[in-house]
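A.B. asks: Take the sequences, apply the hints, and build the full model.
Sequence lines, in order, name chains Z and W.
Each residue of the first sequence is one higher than the one before, starting from 139 at the first, in the UniProt record's numbering.
Each residue of the second sequence is one higher than the one before, starting from 139 at the first, in the UniProt record's numbering.
Among the hints, a few may not be true.
Claimed, not checked - Which bits of chain Z does chain W cover? Going by a derived footprint, with three or more residues having C-beta under 8 Å, they are:
| no. | stretch |
| --- | --- |
| 1 | 147-154 |
| 2 | 160-169 |
| 3 | 244-252 |
Said to hold, decoys possible - Between beta-carbon pairs, the in silico distance windows are:
| no. | chain 1 | residue 1 | chain 2 | residue 2 | range |
| --- | --- | --- | --- | --- | --- |
| 4 | Z | 251 | W | 261 | 35 to 41 Å |
| 5 | W | 236 | Z | 155 | 27 to 33 Å |
| 6 | Z | 192 | W | 260 | 46 to 52 Å |
Quick caveat, the hints were computed from the structure, so don't treat them as lab data.
Ideal Cβ positions, reconstructed from N, Cα and C, are used throughout, including at glycine.
Number of protein chains: 2
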Amino acid sequence: AQLALERDYEAQRELETRYRVLLEANPAPLLIVSLANGRIVDLNGAATALIGATRAELLGAPASNELEGRRRGEFLEALAKVAGNDPLGSLDLTIRRSKRKVAVSATLFRAAGDRLLLCRLGVAEVARPRADDIG
Amino acid sequence: AQLALERDYEAQRELETRYRVLLEANPAPLLIVSLANGRIVDLNGAATALIGATRAELLGAPASNELEGRRRGEFLEALAKVAGNDPLGSLDLTIRRSKRKVAVSATLFRAAGDRLLLCRLGVAEVARPRADDIG
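C.D. replies: Right, here's the structure in full:
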């Protein structure tokens, strides 16, 4: 039984590693948000960089603190609807800290009884160094 | 103790679901390959479609059965080297079944004592319907 527990532990560790690598290796900024409470469950480095905060600040924080739509707090429902109806659809939102516009597309899925949204933040313009950074 | 085991089981299930969603929601064809034995550990739907085989045929099969470089069997070592040296580098390979060229980039990571490669298959040309499919 001890051996079986150790095998389970190893398998869990390996799965965690693969999950983390998949999240971080994706060049798109990704957020996983719980529909039950609207909080950010996980996110990758591209997302923390785009939002302009630390991972510690963002984990567990309400997604609506960081992203805003036309009417506050309703965008998660709108995203879930987009995700359900049109896998290629997206919602235009604004990053609160930087006022930058992002096109957010989402995949809705169930895990452990909660509905989760995997959100991709699409940036229209490629980030470029500012003129005063160059010369 | 029973309750703790059930919690562990739930957590493992949730992690598996998130892992699977991340793998499948990525539009890029992705393969996870073991460096220890060269076999395909996992892959997403975009990769099965591009390779032109079923998931069952590909899971556990040697990656070198499906992808070929200039010299057979050495491309995994070459990929691991690319992954280690240059995160944006890629290796030109050919899909064996379709003879299609792909630029493969990779992320090397360790899990459960094995070294794994997360490989992204980049297709230069976008797939288009053939003329005789149109009309």
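A.B. asks: Could you run down the list of hints and mark each one as holding or not?
C.D. replies: Going down the list of hints, with the structure as the test:
1. Coverage of the stretch 147-154 of chain Z by chain W holds in this model, with 7 residues showing a Cβ closer than 8 Å to a Cβ of that chain against a need of three.
2. By the rule of at least three residues with a Cβ nearer than 8 Å to a Cβ of chain W, the coverage given for the stretch 160-169 of chain Z holds, with 5 such residues.
3. Given a C-beta distance limit of less than 8 Å, the hint that chain W covers the stretch 244-252 of chain Z holds, as 5 residues qualify and 3 suffice.
4. In this structure the supplied range 35 to 41 Å holds for residue 251 of chain Z paired with residue 261 of chain W, their Cβ-Cβ distance being about 38 Å.
5. The beta-carbon spacing between residue 236 of chain W and residue 155 of chain Z, approximately 31 Å, falls within the hinted interval of 27 to 33 Å.
6. Separation of residue 192 of chain Z from residue 260 of chain W is about 32 Å and departs from the stated range, judged on CB atoms against 46 to 52 Å.
The structure fails hint 6 only (numbered hints given earlier).
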